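For the record, the sequence lines run as chains A and B. Each residue of the first sequence is one higher than the one before, counting from 187 in this note's numbering. Each residue of the second sequence is one higher than the one before, counting from 187 in this note's numbering.
Just so you know, the hints here were simulated from the structure itself, not pulled from any lab data. Careful: at least some of the hints might be erroneous.
Any copy, or any two copies together, can satisfy a pair, since identical chains are not distinguished.
With a straight-line cut-off of 25 angstroms between C-alpha atoms, the simulated DSS-like cross-links for lysine-lysine are [unchecked claim]:
hint: 1; residue 1: K437; residue 2: K284
hint: 2; residue 1: K446; residue 2: K644
hint: 3; residue 1: K292; residue 2: K266
hint: 4; residue 1: K288; residue 2: K523
hint: 5; residue 1: K288; residue 2: K200
hint: 6; residue 1: K284; residue 2: K518
hint: 7; residue 1: K273; residue 2: K300
hint: 8; residue 1: K516; residue 2: K638
hint: 9; residue 1: K442; residue 2: K284
hint: 10; residue 1: K516; residue 2: K240
What you are looking at is a predicted structure, and each value in this text was computed from that prediction instead of being measured.
There are 2 protein chains.
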Amino acid sequence: MAQGITKREEDYSKWYNDIVVQADLADHSSVRGCMVIKPHGYAIWENMQHVLDKMFKDTGHVNAYFPLFIPKSLFEAEEKNAEGFAKECAVVTHYRLKTDPKNAGKLIVDPEAKLEEELIVRPTSEAIIWNTYKGWIESYRDLPILVNQWANVVRWEMRTRLFLRTSEFLWQEGHTAHATKEEAIEETEKMLEVYADFVENWMAVPVVKGKKTANERFAGADETYCIEALMQDGKALQAGTSHFLGQNFAKAFDVKYVTKENKQEYVWATSWGVSTRLMGALIMSHSDDNGLIIPPKLAPTHVVIVPIHKTEEGLAKITDLANTIKNNLKQKNISVKYDNRDSYRPGFKFAEHELKGVPVRVAIGERDLANGTVEVARRDNLTKEVISISEIETYIEKLLVDIQSNLFERAKARQANLTTHVNTFEEFKKTLDEKTGFVYAHWDGTPETEEKIKEETKATIRCIPLNNLQEAGVCIYSGKPSTQKVLFARAY
Amino acid sequence: MAQGITKREEDYSKWYNDIVVQADLADHSSVRGCMVIKPHGYAIWENMQHVLDKMFKDTGHVNAYFPLFIPKSLFEAEEKNAEGFAKECAVVTHYRLKTDPKNAGKLIVDPEAKLEEELIVRPTSEAIIWNTYKGWIESYRDLPILVNQWANVVRWEMRTRLFLRTSEFLWQEGHTAHATKEEAIEETEKMLEVYADFVENWMAVPVVKGKKTANERFAGADETYCIEALMQDGKALQAGTSHFLGQNFAKAFDVKYVTKENKQEYVWATSWGVSTRLMGALIMSHSDDNGLIIPPKLAPTHVVIVPIHKTEEGLAKITDLANTIKNNLKQKNISVKYDNRDSYRPGFKFAEHELKGVPVRVAIGERDLANGTVEVARRDNLTKEVISISEIETYIEKLLVDIQSNLFERAKARQANLTTHVNTFEEFKKTLDEKTGFVYAHWDGTPETEEKIKEETKATIRCIPLNNLQEAGVCIYSGKPSTQKVLFARAY
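Start from the sequences and build out the full structure, keeping to the hints where you can.
And the structure:
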């Protein structure tokens with residue numbers, strides 16, 4: 187199994203791709219830039235969806251669904267947004283195929299079925315949604331609107347990587363409408379907290395919360411909040427964004443409401459999203475050279491039980507015990523798979539479940555039965571222990587909590603080790619090249635300096651952390667005065 | 187509220203549209219043929235999804251996700267399937283927009299970003315999935331593959347109706363691969379049973395299970411099974427289909443497996459789907475001139491409590507009681523909304539919740555409190571009863587079961603009343619015109635006769651019911667011998 191996985195040290199990028207493909211998470215498709223999400227990968231994504239969906243509903247949001255297509259005239263209405271996405275838009279121009287008159291078995295696009303107006307496959311849905319909200323909002327009584335959509339979106343990519351950057355991806359996009367600026371900003375910040383909570387406490391990935399610089403803002407936003415995570419190779423990954431859109435879309439689509447005082451005001455907006463990109467963050471944060479590691483809280487299967495038997499009689503006894511354990515754990519909402527396939531040997535099964543990231547493996551041999559014990563192996567640190575059958579369920583219940591917290595602590599320690607404060611541009615470049623990771627440095631606050639640092643080092647400002655320490659200093663690049671260090675990194 | 191709803195007798199089709207729009211289920215969008223599914227409608231669809239998803243998983247299926255786009259060369263590989271869908275395909279031809287050189291604020295399709303090969307927006311996913319399965323299947327050990335996908339699909343429509351016929355719709359499509367013909371047919375039939383179970387026991391809509399004639403089969407299938415429901419206006423609605431695809435897609439995409447005996451064989455396939463069209467069936471089966479009626483098992487909110495108070499002190503007492511009832515019902519998994527909005531009067535709220543289809547309404551007045559009673563109104567038959575507060579929770583729990591079963595029995599009785607057996611073409615036409623509904627009649631089994639009957643009467647053969655009575659007779663149209671009556675109707 188794991189023989190096929192490239193070691194991280196050898197080629198981190200190939201290691202990542204090997205895990206995605208060999209752990210059956212996803213694969214490239216015959217459609218340029220689009221992936222197939224395989225059942226094992228989709229099961230993890232479904233778990234993420236369930237948790238997030240509940241979090242959204244607990245914070246007052248409801249789901250809805252808006253069209254896949256956006257007429258070009260609507261798409262271009264909010265100019266900055268349109269400009270930001272124009273270069274990566276898939277465009278539908280025709281609505282019919284016909285038989286090729288020159289080649290009976292083939293189809294061609296019917297030139298007579300050309301659309302009067304081209305349709306953009308949504309790269310994000312602000313335009314179509316704000317055009318819809320116009321019909322939903324008349325007075326302050328209709329606000330706030332707190333809507334989320336689970337959907338596929340398309341942003342044409344030339345260089346793609348499974349989960350991290352694909353032309354089509356799955357995501358959720360929240361789109362809310364508010365009567366006041368304060369309420370919209372509060373919503374933007376609230377959803378950032380929801381994302382941080384999810385990524386840290388479910389995915390076990392620590393994040394830095396912050397605001398993007400103007401350069402890195404979402405096209406059409408007044409402010410973009412983000413959570414930034416750090417991968418094992420020291421590169422940053424933006425894990426989620428929450429945008430305060432001001433009145434930009436309300437103005438572009440003329441969405442006003444009547445206040446209690448009977449005045450007409452433009453509506454305030456937010457949007458926020460996370461995508462299947464989170465799968466990439468999950469994989470790259472925890473996995474090792476043996477394969478995938480899934481945090482227990484998101485694992486489709488928590489425990490796999492593998493029988494090791496010499497006789498049919500022995501197998502029957504093991505099966506009885508396995509079923510008892512399985513049923514007892516089910517009561518605790520722990521999902522167990524009993525892998526009694528007779529076409530594979532135990533060693534093969536061990537490697538396979540390790541590759542696929544099942545948090546806990548229980549092996550039951552005939553001798554174990556006699557001793558009243560089983561062997562329990564944990565995926566996160568690959569250690570094994572012999573546990574008495576009488577206490578197996580409570581042991582596993584506690585073990586899953588331990589693994590979840592160990593993964594988070596491990597990732598936190600790594601992030602701390604890979605976070606450096608620098609004072610000069612030399613130090614900055616050296617840190618990026620030799621140590622990698624998050625680098626805090628003073629910046630003069632101008633887009634020009636930011637751009638030049640990016641050109642020279644490929645590092646970008648990941649964010650200006652929330653509650654950032656205010657301290658006088660000088661910009662590492664321009665030498666101009668600065669009021670705070672910001673967070674730089676090379677990023678995915 | 188309900189003043190805006192056209193009466194069924196006046197204009198059934200307008201009644202349907204009024205309910206969809208005014209009960210906040212869905213609305214037309216600015217994109218031709220595409221709808222917006224509003225939060226109330228989406229909440230019902232989500233409930234349907236949850237139930238169906240669990241049924242699929244309980245029968246051994248897993249979810250996955252395949253690309254939205256299908257390259258034209260793959261799309262045309264299975265010729266009958268391609269031919270069947272060619273006329274309704276949205277086609278992506280370009281992947282970039284650019285600023286209009288003649289008009290700075292506008293965007294045009296960049297002619298230099300033309301795709302080498304056009305991409306079809308999936309109208310159904312057999313082609314892309316079987317092209318993928320080719321890489322997943324080598325030997326009998328890899329079979330069966332039991333995969334389902336929740337997705338959006340696009341079939342270009344010129345005349346659209348909310349939920350019933352839209353260019354983009356949401357659905358699930360199961361795609362399974364099997365070693366033998368028998369196993370694939372068994373799967374096809376099993377999923378038809380799952381659909382029938384769902385539609386009858388959750389949606390409370392009775393169905394007839396059967397097979398389609400060759401004319402009405404899914405393009406690319408060897409056999410199409412279906413469930414047919416009857417709407418209040420006597421028109422049939424196909425509620426779900428399950429296809430035995432034979433080896434057609436395996437041959438088109440060259441998907442073979444090595445048998446236990448080390449032979450190469452083509453793989454056998456099925457596909458099956460239900461869509462947001464079910465929302466149309468739900469709405470049209472149960473609703474009345476006051477608005478939507480939702481079967482309790484799929485209702486997002488089961489009970490609404492409306493306070494009727496004269497004093498603030500009275501309201502406080504009512505609120506206490508409402509919260510107690512709400513909490514007690516929550517323990518029984520009954521979802522309750524306490525509608526204490528102060529901006530609307532009770533009568534307005536009654537009408538609104540009636541329009542939106544909440545199964546049970548509880549009104550609590552100050553006098554009720556004194557009497558230890560509340561007023562309970564059921565949405566299905568609009569009757570009211572005064573119930574002692576001490577037994578309200580058990581009463582409501584039972585009432586929801588009663589409403590669910592009453593809706594089903596009512597629909598069953600209607601279907602029975604609207605089912606007619608005829609022996610002559612005169613009777614057939616008269617029944618269709620004057621009585622409408624399901625009509626059983628002898629048919630000679632030829633596509634030509636089927637086609638002529640359709641031309642002359644607009645009635646189609648909905649299905650050849652499973653376990654149909656075999657009886658000698660003569661075709662109502664051609665007078666030729668027939669072995670069984672088949673089910674005709676005018677249909678959505």
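Quick rundown of the hints versus the structure:
no.	hint	result
1	K437 / K284	between (42 angstroms within a copy, 23 angstroms between copies)
2	K446 / K644	neither (51 angstroms within a copy, 55 angstroms between copies)
3	K292 / K266	between (41 angstroms within a copy, 12 angstroms between copies)
4	K288 / K523	neither (56 angstroms within a copy, 63 angstroms between copies)
5	K288 / K200	neither (45 angstroms within a copy, 46 angstroms between copies)
6	K284 / K518	neither (57 angstroms within a copy, 56 angstroms between copies)
7	K273 / K300	both (22 angstroms within a copy, 13 angstroms between copies)
8	K516 / K638	neither (56 angstroms within a copy, 59 angstroms between copies)
9	K442 / K284	neither (45 angstroms within a copy, 30 angstroms between copies)
10	K516 / K240	both (22 angstroms within a copy, 17 angstroms between copies)
The structure shown violates the earlier hints numbered 2, 4, 5, 6, 8, 9.
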